[in-house]
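K.L.:
Protein chains in written order, with the numbering used here: chain A, 88 to 724; chain B, 2 to 178; chain C, 955 to 1291; chain D, 4 to 203; chain E, 63 to 567; chain F, 1344 to 1478.
No lab work stands behind these hints, which were simulated from the structure alone.
For glycine and all other residues, C-beta sits at the position ideal for the given N, C-alpha and C.
Be aware that a few hints might be false.
BS3-like mimics (lysine-lysine), calculated; alpha carbons at most 30 Å apart, straight line [to be verified]:
id: 1; chain 1: F; residue 1: LYS1417; chain 2: F; residue 2: LYS1383
id: 2; chain 1: E; residue 1: LYS480; chain 2: E; residue 2: LYS530
id: 3; chain 1: F; residue 1: LYS1383; chain 2: B; residue 2: LYS124
id: 4; chain 1: A; residue 1: LYS717; chain 2: D; residue 2: LYS98
id: 5; chain 1: D; residue 1: LYS20; chain 2: A; residue 2: LYS717
id: 6; chain 1: B; residue 1: LYS148; chain 2: B; residue 2: LYS124
id: 7; chain 1: E; residue 1: LYS116; chain 2: E; residue 2: LYS86
id: 8; chain 1: D; residue 1: LYS20; chain 2: D; residue 2: LYS98
id: 9; chain 1: E; residue 1: LYS448; chain 2: E; residue 2: LYS480
id: 10; chain 1: E; residue 1: LYS530; chain 2: B; residue 2: LYS148
Listed next, with one range per pair, are the computed distances between beta-carbon atoms [stated by the list, open to error]:
id: 11; chain 1: C; residue 1: ILE1012; chain 2: A; residue 2: PHE542; range: 18 to 26 Å
id: 12; chain 1: D; residue 1: PHE118; chain 2: E; residue 2: ALA72; range: 48 to 56 Å
id: 13; chain 1: A; residue 1: THR695; chain 2: D; residue 2: ASP11; range: 53 to 61 Å
Given next are the chains, with one letter for each unit.
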Amino acid sequence: MSVAPEEPEVLDRRLDAAALDRRLDAVWQTPRGLWAALATVDHKIIGRRYIATAFVFLALGGLLAVAMRLQLARPEARVMSADRYNQVFTMHGANMMFLFAVPVMEAMAVYLVPLMVGTRNIAFPRLNAFSYWMYVAGGIVLWGAFVFDMGPDIGWFAYVPLSGPQYAPGKRADIWAQMITFTEVSALAVAVELVVTIFKQRAPGMSLDRIPLFVWSMLVTSFLIIIAMPAIMVASTSLILDRLIGTHFFNPAEGGDVLLWQHLFWFFGHPEVYIIFLPAVGMVSTLVVTFSRRPVFGYLGLVLAVISTGILAFGLWVHHMFVTGLPRLGESFFTGSSMAIAIPSGVQIFCWLATLWSGRPVLKVPLLFVYAFLFTFVMGGMTGVMVASVPFDTQVHDTYFVVAHFHYVLVGGAVFPLMGAVYYWFPKITGRLMSERVGRWVAGLVFVGFNLTFFPMHLLGLAGMPRRVYTYPAEMQWGSVNLFISLSALVLASGFLLFFWDAFRSLRHGIPAGDNPWDAPTLEWATSSPPPSYNFARLPVVSSAYPLWDERDALSVATGLRPDRREVLVSSVADARPEARESSPRNSIWPLWTAIATSIMLVWSIFTPWAVVWGSIPIATALIGWFWPKGVPEDDA
Amino acid sequence: MTRRLLILAGLLALAACKREQREVRLDPPALDALDQVALMPNGIGGAPPDVLPALGRPYETNAYQLSQGKRLYGWFNCTGCHANGGGNVGPALMEGWWRYGPDVQSIFASIRDGRPHGMPAFKDKLTTEQIWQLAGYVQTIGTYAAKTAAPTRNDEMQSRPSESRGPAGADIAPPSR
Amino acid sequence: MTARPLRLPALAAVLACGGCGTPWQSALHPGGAQAGGLLDLITIFTAVCGIVWLLVMIVTLLTLRRRRAGIEAPLPRDEGTERRPRRAVQAAVATTVVIIAGLTLLSFFVTRGLTADDPQALVVRVRAYQWWWEFTYQDPRPDQAFTVANEIHVPVGRPVRFLLEAPDVIHSFWVPSLAGKQDLIPGRSNEITLVADQPGVYRGQCAQFCGLQHAHMAFLVIAEPPDRFAAWQVAQRQPAPEPATDEASVGRRIFLARQCAACHTIQGTTASGTLGPDLTHVASRRYIAAGLLPTTRGSLAAWTADPQTLKPGNNMPMVPLGSDELSAVSAYLTSLR
Amino acid sequence: MNERIVLDVSHLTLHGKSSASVTWWGTFAFMLLEGTGFALLIAVYLYLESLASEWPLGAPPPDLGPGSVLTAVLIASLVPNYLIARWAEQENLHKVRIGIVIMTVLGIVPVVLRFYEFPALHISWDSNAYGSILWALLGLHLTHLVTDLGDTVVLAILMFTRHGANKRRLGDIQDNALYWNFVVATWLPIYVCIYWVPRL
Amino acid sequence: MVVLTPFPHALFALDLSRPGAPVKWRFVPEADGGAEGLACCDTINAGPVIADGKVYFNSLDGHTIALDVATGTMVWNVRTASLDRGETLTGAPLIADGKIFIGNSGDDFGARGWIAALDAQSGHELWRRFSTGPDDNVGIGPGFQPFYAHDHGQNLGAASWPPSGWQHGGGSVSGTILFDPVLHLLFHGTGHPAPWNPDQHDGDNKWTSGLFARDPEDGMAKWFDQIDPHDLFALGSAEPGLAIDRDWHGAARHLLIHPDPDGYVYVLDRANGQVLSAAPFTTVNATRGVDLATGELRRDSNRASRFGTMTRDVCPGWPGATAAHSAPSADGRLLFIPVSRLCMDMEARNVSYIEGTAFVGANVRAKSPADGLRGALVAWDIEAAKPVWTVPEPFPLAGGVLALGGVVFYGTLDGWFKAVDAESGRTLWQFHAASGIIGDPIAYRGPDGRPYVAVLAGLGGSFGMVAKSSIDKRDATAANGLANALQDLPEPSDPSGTLYAFGLP
Amino acid sequence: MAARAGISLLVGIAAAAVVGLACVAWSAAERRVGIGQEAKALTGGDAERAPDLLTRYGCAGCHTIPGVPGADGKVGPALSGLRERVYVGGVLRNTAGNLVAWIVDPHRVSPRSAMPATGITEAEARDIAAYLYQH
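Full structure from sequences and hints, please.
P.N.:
Here's what the structure looks like:
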């Protein structure tokens, strides 16, 4: 018995442009209505939601930061209790790391990568929808718990034994651990989609040396996620097992080990920094190219730097544990490796500077953020070199010096490029430009506010102020600097407020952008802004890393795909030679049901281990519904 | 109907949040009132102080209070006589059967005033609130239904299935080693 | 130290940060050899990194010299113009490698210098509890060992070896003016040796998040000339003085009869609890409650009456004492010098 | 923007096989991340062993019986697993149907055997860290057995419906076979860890 | 025959001359129930003694009582131990020289050990000497001549402790007190230092876990030999052992044969306290032998209990390698030792001394040794310092041994009363009693002139507690961890005590 | 399209905020009710009757009392947060019985207190104590 014969095909080359657009839109569109909105698998809609949700969490996390600064503005202040403060700083860290920084970078990629590689949808679009719902559910669980005084209060790093069964009563630490599960499931799913999209769905001709740098950085990031995040899954699962059913992974009396937690956590936690930072490297590279009006200097060097950063990222987790009394020799090794990562970072900085140096920089808002990034991130890198030194670290570890350092790296190194990227890609996503004038104010307020807020923290740390204290005695005389920091934080917050306002305003009132307002060279600008539901009427074919600069008159495209079903092109990994026409799944509500079933199981499992058994039945049912063939043209092969 | 369901869900959520509150300072009048346990003449049973239900019976349902009770159990030498619930000089507490009554006020009275056959009075060694915390925890050791707020293992030698693994019936096998 | 002049930039930083803090708990105000060495290291790192940063920033600003107001057509690719930047980038990367290698070696040697073992060292066992410190001065004769809380005295010039143990959660032992920090980890034993060069009062604080009152977990290190230290040691070995006044004797009776004695030890009385700090000479310490309140009769009374308002969540319960009982207990505690 | 047609892809096959298909790569990526998880758990096992004064901790080494039988069954299952992948490649639906039924049975047997393995460990998960890591290793692998079994069962049912005769479904069979190889491959180091490391 | 029941002691006098041995009289003292909560190892009592027409016994709640043996009327009743401080009386009084010697129990409650002498006629206390504290408390004066150098010094009973640690340092005198009419000395052992957590009793902890020789007249110490300085595992050395005068490598000596809970048989010269030989009679892994030159016990640092860590598989574990009375063979060549081969895991925890509450500070989990045999009867060649034969037993032996002619009698926890051949260890006869046996078998000649062996069956004591209904064996630390090691100890078919008397052929 | 997404996002945030505020308000209200029950359990009095008594007996003239109109006297200490205090009148432990005793006759406790015995009966004092423990 053989496979059913293929139906006669309708191919796009027989259709004129208007008819093709009509046919494609009929197949790819997300209809109006709530149900359709919940069932959509369009990477642009999901990516937009993802980005918006991540920014909502940024705003919420920012509010927590402001609350902390209010509490710390004066010594022995009573703005909030110690218990509340501990929840707030834990929420701030966990929220920013797991609900903002990682998701927002992946969200940008979910939106941009398929466009940049010239395909019609991300690989595994339903998994993409599922991952978004899981992410939202994780956020709701964490914030819902916080509203009900059940927010985790153990720090975002949740060190045992403080987070263990004996010292963290109640469900607060379990909430943290399950929030990790939610966000990691979602992050891992997106990472898999991105890897496969980048490997297999690139436009014909987009060989490895023509991949846009942002896509390169997302590829490395996705691999980092795939290899690093299982560590935190293992860690948080063993924590919840310790707490729920009394295993002994972290109980030294019964053969467990307290430091095991730290090893597992930082084996994830350090690459995590690069998971957040590498996408920003891609964004900066993109912005630098567009706004210095020249191809990037040292493409190969940058790619190698990104890859080596990714590899080195796994070799320095111990530098978070320099004061735990590990063997001296090991510490020295990790000093060396931690400092060594400065070298690829240096390569990146130097390449960008060389690009800008030999280009014709245009100081639009996105590039302003790149300069803000260079200023702060290089400083963060310098303090990074400092804390990589064991003896230096023994003085500043767990002080405000480190708080300053990683905010310089994460805000300066990732949020500034991200804001630049938002200004840059906002017209792509919405069809309208954000305000250049307001943007300059935003950049100024955020840059000045940030440095005024965080620079003094270096000094506070050296002056002996530890982290994670809900207050400090008046006689320590840290009060005036803290007051200054708190006031500066308001400047920073106002910058973000302005940013949000600008974004909202520009959605409706921004200047219409046209397809390619920045005259950028990469494929996402080859289609309309905002792009149609099918991204490209005919899939582009590229012959350079800067297709829109090198072929200014007309875009090379491929033809021969079916317009009556969702079809994408699969190409080979190295040289992007077309290999197959692959169908892409239709919209489906099942990812949502699966996410709901999974969420119920995960939350239930905080209360009883049996939830894992009974809760998996609805999940299995939903998964079968997800994968069961529905007899649509996409089932054809 | 939906509204009623919503209200119910809200109440449940609030009950959950009460389970998580960390009340570290009991108001002094409540502290005093908690000492007013009306025991039956034989020192067993009776009524808890009125303020206990008004406070929401935190010592039996609140995770923080239960875990404080567990710390006190170790700190005030309960283990010396009752082991980790299995008993030694003193009787076992795990089997959920108490000579002087299983209700929390009887346990409170046992700890506060002591009992014949060797249970010393802890009146002047623990404060009233601490005795309530301890009583709530001790009751948890032997309850027949697992409490979701109950603590699990300690960071020390494994001695028995955790408190949250109720019921304390015979179906839980002893830890084998 | 070998590199005194290096302290000048650090001093400048301190001046620039006038209100940053007090010299008794600051990495910038060393009171001992280790902290001094670390400050030198901090200074070198800051100087080197600062210069590098400055150079990068100059280049960054210089890239703006050819900036344009509007978006122009992209520049044509020209391999010829790439040569100079390529050389510059190569040179910069090479310089980075050299600097990084230098700093790594430097930090390695400083680490080695910090860990000299001294058999003459005074040995103090540290146990960090949620949220206070217990220090036991070890002695070959067990009855000469003594235990204090939240305040230690050390002789100037003599190394002190601290054996670090954590009975509950992870804490971190940090006296920035004397040395870097070291964690106290349940199930593991760490140690740190430090030496004070100058007499003075140095403040230490727990540096690892340890729960509700992590912020209020400080201790004092008082460096004294050896003779004064010896005198202090002799005094600490004595049992608590007998109460001198009637009120204090009443206070002692209440202390011993009520909940206090179940948690605290007062040598020379029957109070031998080990759950809270040893109070034998509590009034001789500068602070109570791990750096929260200066030791005065008022503070002692306030702390006894209502510890949960002052340090919410700490393990000392509110003991219901009558007003006259409170007064007596505070009189007794004040007499424990 | 103007378009210039430079390529016609209409001749390309619908749904590529193995490395030309996205699901193959997706499966591969999931294998990579789950393999990392297994590797980490094994690292945890070895780490705990390196800390312990004795190993196994407080228990005799696990009985070899059930674990070894399970290992044998898993290794034996590789043969029909290889064949079913080949039959799917050849689009031989009849043989695939036979193969998938065999694979279903060979999926159920290890799951059943696993429940004899737990008691053979002679230690409970809450006895000590050694027990915990043992149960975690077996539990994680059991999860993989069960999920792949579930996948196999669903595919088996599919094969007997009208959806079976479809290249895409046969591709799923191949991916499922690939994943089964992974489940077997991850088991072998775990088997060595649990049953032979304590006997070294 | 007089039988004493456990707390709250009732005393029965049985008339053996009549068939069925009916009760002649009974006596029930007024008791303080609080004592039950203070007895470390069940509400046991080592029994009454009869002398000069009176029955003397100690009650758990701290009274020493004398009764008229004929009528059961009380002659005097003196409160000798303070329950408030955790002291109880479980040992038997010793009568010698017209004095009653008693010692306390209560190590696990931090009670200071003491031995006291009472006037046999009036119950008036003549002297009382403590096991810890300054020299005048302990009874150390110029006549104190310990054999080993490390026992010389001023006030070592306080100086070898952390400050004030001796005030609640244990060292009880709960075992047998031995009177030696030859040298006119008293010998007694001292219990373990309190608490169990060794971290809280830094130092050598004089004079706990050792053997005292005292002058019965004034209680002043003659010598002391510390068997287990800084006793890490709360083993103690409560039982002094046996005084035997025999040849020792050719010369006649006054020996004290002391099988210690730490697993060694010590042979001491009881005139001066010199250790002549010390050899292990069971599996020992926490120590590596005894240095005969200094008398010191060599410890294995890998199995040193330390604060906050778990020490696994310490052998012998609590409650010691032997806890019951051994018996010598008739010729004094062999010693029959009832052995417990239990090991343990121990975790030291911080503990506060709170008067009247348990002062333990350890989680303990006793367990079987690797071979699963938890007990043994060992026939020990005293001079060769090695076992001659061993009878393995599934359960630890908690009761004493009776050697009568060529036969050795002993009872087991699961209720077997056995007679074995003294030369070979071959089982000659066994009987299954209704309950486990923890008492010493005794032999007597009945009114009918026939010899009898009697033994009281009734499970109790540290081991027997495990079978009590108030112990939940799911908790491995219950009954100080014995619940874990004795999971399979059968519940006695008859929980009350039964006296069995067997006629001998 | 994008604007629509933005608006729905705004609506979503607003809805979340409303739900969150409602939750907080609900739990605050619940807490108030709880405190009322606690006060009743502690004192056995009825707080509803207290404001009238507080004015009638002149308490309001000397004390600032939360929730009682016109009670802003400066003669004695303010009576807010009374249930959190450790001592009443600086002499007695703050227990319900002591507070009632103090209200009925301060001089029995502290002869030199400036507070007069106002003639409040014990039952009325219970109502007042309930009120004070509620605010």
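K.L.:
Is the straight-line distance between the alpha-carbon of F:LYS1383 and that of B:LYS124 30 Å or less?
P.N.:
Answer holds: F:LYS1383 to B:LYS124 is near 26 Å, not above 30 Å.
K.L.:
Given the hint of 48 to 56 Å, is the C-beta distance from D:PHE118 to E:ALA72 inside that range or not?
P.N.:
Taking Cβ atoms as reference, D:PHE118 and E:ALA72 lie about 55 Å apart, which means the hint holds.
K.L.:
Does B:LYS148 sit within 30 Å of E:LYS530, going by the straight-line distance between their CA atoms?
P.N.:
holds (28 Å)
K.L.:
I want to verify a distance hint. Is the separation of the beta carbons of A:THR695 and D:ASP11 within 53 to 61 Å?
P.N.:
holds (59 Å)
K.L.:
Does A:LYS717 lie within 30 Å of D:LYS20 when you go C-alpha to C-alpha?
P.N.:
OK: D:LYS20 and A:LYS717 at ~22 Å, within 30 Å.
K.L.:
Keeping to a limit of 30 Å between CA atoms, is the pair of B:LYS148 and B:LYS124 held or broken?
P.N.:
It holds: about 28 Å lies between the C-alpha atoms, which stays within 30 Å.
K.L.:
Are C:ILE1012 and A:PHE542 spaced within 18 to 26 Å by their CB atoms?
P.N.:
The hinted range 18 to 26 Å holds for C:ILE1012 and A:PHE542, with Cβ atoms some 19 Å apart.
K.L.:
Straight-line Cα separation of F:LYS1417 and F:LYS1383 no greater than 30 Å?
P.N.:
At roughly 28 Å apart (the allowed maximum being 30 Å), F:LYS1383 and F:LYS1417 satisfy the hint.
K.L.:
With the threshold set at 30 Å, check whether the alpha-carbon distance from D:LYS20 to D:LYS98 stays at or below it.
P.N.:
Within the cut-off at roughly 19 Å; holds.
K.L.:
Checking one constraint from the list: CA of E:LYS448 to CA of E:LYS480, max 30 Å. Satisfied?
P.N.:
holds (23 Å)
K.L.:
Given the hint that A:LYS717 pairs with D:LYS98, does the C-alpha gap stay at or below 30 Å?
P.N.:
This hinted pair holds, its Cα atoms lying about 24 Å apart.
K.L.:
For the pair we were handed, E:LYS116 and E:LYS86, check the Cα-Cα distance against 30 Å.
P.N.:
The hint holds at about 15 Å.
Hint compliance for this structure: no hint is broken.
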